[in-house]
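Student: Use the sequences and the hints to build the structure in full.
Position one of the sequence shown corresponds to residue 19 (our numbering), numbered consecutively onward.
It is possible that part of the hints are untrue.
Derived lysine to any residue pairs resembling SDA-like cross-links, with alpha carbons at most 25 Å apart [what the hints assert, rightly or not]:
no.: 1; residue 1: K273; residue 2: V325
no.: 2; residue 1: K199; residue 2: T162
no.: 3; residue 1: K297; residue 2: K199
no.: 4; residue 1: K373; residue 2: V59
no.: 5; residue 1: K149; residue 2: D97
no.: 6; residue 1: K289; residue 2: D97
no.: 7; residue 1: K149; residue 2: S122
no.: 8; residue 1: K199; residue 2: A348
Quick list of the computed label-pair ranges, beta carbon to beta carbon [said to hold, decoys possible]:
no.: 9; residue 1: T326; residue 2: P275; range: 39 to 49 Å
no.: 10; residue 1: T290; residue 2: A63; range: 40 to 50 Å
no.: 11; residue 1: T116; residue 2: Q238; range: 20 to 30 Å
no.: 12; residue 1: T326; residue 2: D124; range: 18 to 28 Å
no.: 13; residue 1: T290; residue 2: L73; range: 26 to 36 Å
no.: 14; residue 1: P275; residue 2: A107; range: 13 to 23 Å
no.: 15; residue 1: D114; residue 2: L357; range: 19 to 29 Å
None of these hints come from the bench; they were simulated from the model. Every residue, glycine too, gets a C-beta built ideally from N, C-alpha and C.
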Amino acid sequence: MMLVTSLSGGGRFYPFVAMGSAVLLALFVIVRMFVPIRPRVQYRALAACILLIGLTIAGYEINRAYVNSIPKVSEQDVDLDAYRPFQPAGRLAVLDKTATLALSSDLPKMDGATALYPLYAAFAQAVYPQKHYDRYDSEVMVNTTPTAYENLIDGRVDLIFAAGPSDAQLEAAKEKGVELKLTPIGREAFVFFVNAANPVTGLSSAQIQEIYAGNVTNWQQIGGRNEEIRAFQRPENSGSQTMLEKIMAGRTLMKPPQEDVVSGMGGIIAKTSDYRNYKNAIGYSFLYFATEMMRNGDIRLLAIDGVTPDISTIANKTYPFAAEFYAVTAGSKNPHVALLIEWILSPQGQELVEKTGYTPLHR
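Tutor: Given below as structure tokens:
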């Protein structure tokens with residue numbers, strides 16, 4: 019079992035090695051049968067083939083170990099249990115006074131983006147009754163933006179907390195006859211980051227577009243070192259990928275870096291690579307996730323058009339990639355949904371927006 023697990027981590031590499039080894043062995047047998055070669059030469063040839071295969075595998079494993087040693091910025095690396103409501107030593111923001119809304123039954127079922135989970139979990143902790151809220155099966159779930167929109171459109175949840183929907187998500191809602199209602203509840207910055215050792219400290223909006231269109235491919239073209247740019251992306255229909263598409267304003271995105279992973283059925287599939295902090299990498303996320311949930315001191319946020327992303331530049335709207343995030347509904351009949359959203363827009367709800375680390379609507 020351990021061997022299978024180890025080999026499956028090699029993606030498509032080990033199947034090719036196995037096929038190549040089989041071909042070499044077959045050739046060795048055929049040559050041995052029909053070509054008169056001295057045994058010593060035969061065994062030397064076999065030993066050379068085995069050595070070649072061994073060196074190939076060793077080189078692959080050394081490279082894989084190097085890649086895996088490079089830190090990632092990934093949702094999988096965040097301890098989301100620390101943000102579950104009513105955790106004894108949790109990280110959720112709390113109100114100064116008791117909430118003016120208290121729900122005890124017919125609790126609206128929530129879902130949403132990973133980056134917003136600390137916020138809507140804080141809403142639930144303030145308003146919902148104290149109990150265990152499983153992250154994947156309760157009234158307060160966190161299934162990432164793409165799944166959250168699917169759950170909302172299919173009627174499995176009452177509201178979600180996320181960035182605006184992608185074109186594909188809007189189309190999916192239309193096909194189901196569902197109308198999405200987006201209620202702004204706060205503002206956030208969409209940020210780009212690089213390795214902290216990268217000498218580039220800022221880019222223009224146009225340079226971002228050129229990088230992700232595949233037209234600018236070397237850091238030297240934009241004031242950096244003579245190194246190829248590794249421009250990471252996020253999975254399709256995620257909140258951050260939808261934001262990048264809006265920034266691109268209709269321009270075609272370059273193909274993202276991909277990696278092989280083992281699917282649930284045991285096969286090998288290609289997925290969009292998580293950001294790895296190579297010295298020549300660039301990636302993106304939302305400000306709170308990149309600075310508070312990840313707390314990665316090895317990355318540096320880039321100024322865009324000369325403006326650094328922070329609470330003040332989001333509030334005064336000088337940072338160019340700031341946008342509202344939403345409580346999104348789809349016609350739920352739960353009577354408490356409207357009450358909850360009204361409370362979120364109240365001073366107490368906006369207090370939690372700010373205490374969590376986001377920018378309230380009116381600051």
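Student: Work down the list of hints and note, for each, if the structure agrees.
Tutor: Hints versus structure:
Taking the CA atoms of K273 and V325, the gap is near 28 Å; set against the 25 Å cutoff, the hint is violated. As the CA atoms of K199 and T162 are separated by approximately 19 Å, the hinted pair is consistent with the 25 Å bound. This hinted pair does not check out: K297 and K199 have alpha carbons roughly 42 Å apart, beyond 25 Å. Taking the CA atoms of K373 and V59, the gap is near 75 Å; set against the 25 Å cutoff, the hint is violated.
Proximity of K149 to D97 is assessed by CA-CA distance (about 20 Å); at most 25 Å being required, the pair is judged to hold. The straight-line distance between the Cα atoms of K289 and D97 is roughly 22 Å, inside the 25 Å bound, and the hint therefore holds. With a CA separation close to 11 Å, the supplied pair K149 and S122 stays within the 25 Å bound. Only pairs whose Cα atoms come within 25 Å are accepted, and K199 paired with A348 is accepted, the gap being roughly 6 Å.
Under the hint 39 to 49 Å, the C-beta atoms of T326 and P275, about 27 Å apart, miss the expected range. Separation of T290 from A63 is about 43 Å and conforms to the stated range, judged on CB atoms against 40 to 50 Å. Distance hint check: the CB atoms of T116 and Q238 are about 58 Å apart, inconsistent with the given range 20 to 30 Å. In this structure the hint that T326 and D124 lie 18 to 28 Å apart at CB is violated, the actual value being about 44 Å.
Evaluation of the 26 to 36 Å hint for T290 and L73 yields a pass: the beta carbon distance comes to about 31 Å. A hinted range of 13 to 23 Å for the beta carbons of P275 and A107 is inconsistent with their spacing of about 37 Å. About 21 Å separates the C-beta atoms of D114 and L357, a value consistent with the hinted range of 19 to 29 Å.
This entry does not satisfy hints 1, 3, 4, 9, 11, 12 and 14, going by the numbered hints stated previously.
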